[in-house]
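*Asks:* Those protein sequences? They're chains A and B, same order as listed.
Each residue of the first sequence is one higher than the one before, counting from 1 in the working numbering.
Each residue of the second sequence is one higher than the one before, counting from 1 in the working numbering.
Treat the hints as calculated values from the structure; they're not laboratory data.
Each hint should be verified, as a subset may be incorrect.
[Unchecked claim] Result set (DMTMM-like, lysine to aspartate or glutamate): computed pairs, CA atoms no more than 20 Å apart in a straight line:
#1 A:325 <-> A:23
#2 B:81 <-> B:167
#3 B:74 <-> A:210
#4 B:81 <-> A:221
#5 A:51 <-> A:221
#6 A:325 <-> B:190
#7 A:20 <-> A:10
#8 A:329 <-> B:149
#9 A:51 <-> A:210
#10 A:13 <-> B:216
#11 B:194 <-> B:149
#12 B:125 <-> A:221
#13 B:125 <-> B:135
#14 A:207 <-> B:149
#15 B:74 <-> B:167
#16 B:155 <-> B:190
#17 A:13 <-> B:190
#18 B:74 <-> A:221
#19 B:194 <-> B:229
#20 B:155 <-> A:210
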Amino acid sequence: MMSQPINSADVHKAMLEQQKSQDRRKMLLNGALLLLLLAAPFALYPVFLMKILCFALFAVAFNLLFGFTGLLSFGHAAFLASGAYTTGYLLSNYSGLTTEMGIIAGTLVATALGLVFALLSIRRQGIYFAMVTLALAQLVYFFFVQSEFTGGEDGLHGIPRGELFGVIDLSDNMNMYYFVLTVFIACYLLVQRIVSSPYGQVLKAIKQNEPRAVSLGYNVDRYKILAFVISAGLTGLAGSLKSVVFQLASLNDAHWHMSGEVILMTLVGGLGTLLGPVIGSTFVVNVEYQLSQGPLRDWVDPILGGIFVLTVLAFRSGIVGEIQKFMRKNLG
Amino acid sequence: MSEQFVLETRNLVKEFKGFVAVDNVNLQIRQGNIHALIGPNGAGKTTVFNLLTKFLSPTRGQILYQGEDITALKSAAIARKGIVRSFQISAVFPHMTALENIRVALQAAEGTSFSFWKSGNSLNKLNQRCMELLESVGLTEFANTTTVELAYGRKRALELATTLAMEPKLLLLDEPTQGMGSEDVDRVVELVRKAAEGRTVLMVEHNLSVVSKLCDRITVLAQGAVLTEGDYQEVSADPRVREVYMGSDGSGERGGSPAEQAEAAQ
Ligand SMILES: Nc1ncnc2c1ncn2[C@@H]1O[C@H](COP(=O)(O)OP(=O)(O)OP(=O)(O)O)[C@@H](O)[C@H]1O
Ligand SMILES: [Mg+2]
């Protein structure tokens, strides 16, 4: 094969073949994941699964920005919380609203807040970007602490789950689960699409070599702002869903711990992989739950901290990234 | 009066905290020329490139492109006007394939670069042109290779193909042969010669044999200021040039000093 003259058309054909087989593998993986998630509530407690899905959505959204655009935000808690509070407040106070309207409103508020954050932070590079987003998120946190409508330190309790489209009763955990799952799958597919879209190619380019992308005529700030806004919006959606599932919105969601936790989930699962954040959040939520049930319940934070350090030092590619590496090494 | 020049700078100055890196430079690049910018290390050549493409803002002075003042434009806008640069340190997208590198450049003109809902397969219609460009720099068989895995000379060839994908009117090349063996250098000379058909090229180049083969006109920069300008004969005969440039550097070629390795492209 090496000795034959190289023909442009052949190379191209081989490439398209490879692309196709990759697409096929992606579909298979998506299908397997879908089946697993459809069956899961028959084996496991639906509320626990919904918690995982909400955090998985959070991490998938965060990864769009960090993993695929190369921007490390340390302020994503602000979007989670603004989604949660908005939805919680509206559903608690306006009984005429159906659940999905409350969720859409929460998502829109987080999206708008994301635009504000993006405009203020996007020109900063690296650690300065992280610091600006953290500072802005702290401002939002204090706003939530001071405000009446958030219930201050107590948070919002007893948010009614209500009825989806005014017909499907969401107080039933199974109904609620399949609603959350539908939203999650839609968002996951959306991010998958974004990453492989023409726009996703530009994001990749910006992440890999920003000056070069600029020299090719790309106005990189605009591309980054769009990624930030989509990421913030999906994060808000995760927060809105979470507030409906747990019927609770609290300062926990807005705390910088939350911004740190999503970084942990993403890194542990595999930065810049599609499935990584999903696996990572599943892992972290499980570890937290298992530890909190046992004698180590006061050690949750240090243990998670240890996992974080271990990941950064020894498994930089995360669970999914390491598996991919292993497969590539052993399968050719 | 300025119509015959594609690019002109007027009293261009760049100061870094009091240090004058570019000192009242007046460049005049003629349409269709291959114009060399030479000078010893630290003379300010890369800084001039950064000013022309607005990776740095001039402290003073004007930049005119086809008679139009472009001093206030942003980098991306300048690129879209047809002034496309390469970098002293090879600038590729390392985790994309060679073909994808070029496609990113072609995509800029497509108007779908914000289409986050579109399938990536919609870009396949650009593949044909990508393959042609890859072929023109001898990289056909590497179309599907991830760029980090390419040898240095091939990365630079890919960079050139990517730059050409932009169909630039004015090509700015910052040391296209730096760090290459003589075989690769000959290839690059041919590539640049081919690329220069129908365009104007401004190139920084240390290898004087390359300069003598390719360039119509040469500007010598020393300590930020223009020392002299002329064709190869005139410039190489100038004793001041020998003193600051050739004298300091013997053969006119050079290896990479540590300082150079550390120097960032921008
Ligand atoms: N961003 C910057 N901040 C401060 N000083 C700078 C900056 N960029 C360049 N300089 C200084 O300006 C001078 C000119 O640098 P420049 O990179 O333009 O030289 P050059 O002619 O391209 O040299 P070389 O042949 O080594 O590439 C050097 O003394 C360099 O240290
Ligand atoms: Mg230089």
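*Asks:* Work down the list of hints and note, for each, if the structure agrees.
*Replies:* To see whether the hints hold, each was checked on the structure:
1. For the suggested pair residue 325 of chain A and residue 23 of chain A, the alpha carbons sit about 19 Å apart, so the restraint of at most 20 Å is met.
2. Distance hint between residue 81 of chain B and residue 167 of chain B is fulfilled; the C-alpha atoms sit about 10 Å from each other, no more than 20 Å.
3. Distance hint between residue 74 of chain B and residue 210 of chain A is fulfilled; the C-alpha atoms sit about 15 Å from each other, no more than 20 Å.
4. Between residue 81 of chain B and residue 221 of chain A the alpha-carbon distance is near 19 Å, which keeps this suggested pair within the 20 Å criterion.
5. As the CA atoms of residue 51 of chain A and residue 221 of chain A are separated by approximately 34 Å, the hinted pair breaks the 20 Å bound.
6. Restraint check for residue 325 of chain A and residue 190 of chain B: the C-alpha separation of about 40 Å exceeds 20 Å, so the hint is violated.
7. Between residue 20 of chain A and residue 10 of chain A the CA atoms are separated by roughly 15 Å; this keeps the pair inside 20 Å, and the hint holds.
8. Note on residue 329 of chain A and residue 149 of chain B: the hinted pairing holds, with a Cα-Cα distance of about 15 Å set against a maximum of 20 Å.
9. Between residue 51 of chain A and residue 210 of chain A the CA atoms are separated by roughly 37 Å; this puts the pair beyond 20 Å, and the hint is violated.
10. About 42 Å separates the Cα atoms of residue 13 of chain A and residue 216 of chain B, which puts this hinted pair outside 20 Å; it is violated.
11. This hinted pair does not check out: residue 194 of chain B and residue 149 of chain B have alpha carbons roughly 26 Å apart, beyond 20 Å.
12. Restraint check for residue 125 of chain B and residue 221 of chain A: not satisfied, since their Cα atoms lie roughly 27 Å apart, outside the 20 Å limit.
13. Distance check on the hinted pair: residue 125 of chain B and residue 135 of chain B sit about 17 Å apart at the alpha-carbon level, within 20 Å; holds.
14. Between residue 207 of chain A and residue 149 of chain B, the direct Cα distance comes to roughly 18 Å. Compliance with the 20 Å bound is thereby established for this hinted pair.
15. At roughly 19 Å between alpha-carbon atoms, residue 74 of chain B and residue 167 of chain B fall within 20 Å of each other, so this suggested pair holds.
16. For the given pair, residue 155 of chain B sits about 16 Å from residue 190 of chain B by alpha-carbon distance, which is consistent with the 20 Å threshold.
17. For the given pair, residue 13 of chain A sits about 29 Å from residue 190 of chain B by alpha-carbon distance, which is inconsistent with the 20 Å threshold.
18. At most 20 Å may separate the alpha-carbon atoms for a hinted pair to count; residue 74 of chain B and residue 221 of chain A meet this at roughly 12 Å.
19. Using a Cα cut-off of 20 Å, the hinted pair residue 194 of chain B and residue 229 of chain B is violated, with the two alpha carbons roughly 25 Å apart.
20. The suggested pairing of residue 155 of chain B with residue 210 of chain A holds, with an alpha-carbon distance near 17 Å, which does not exceed 20 Å.
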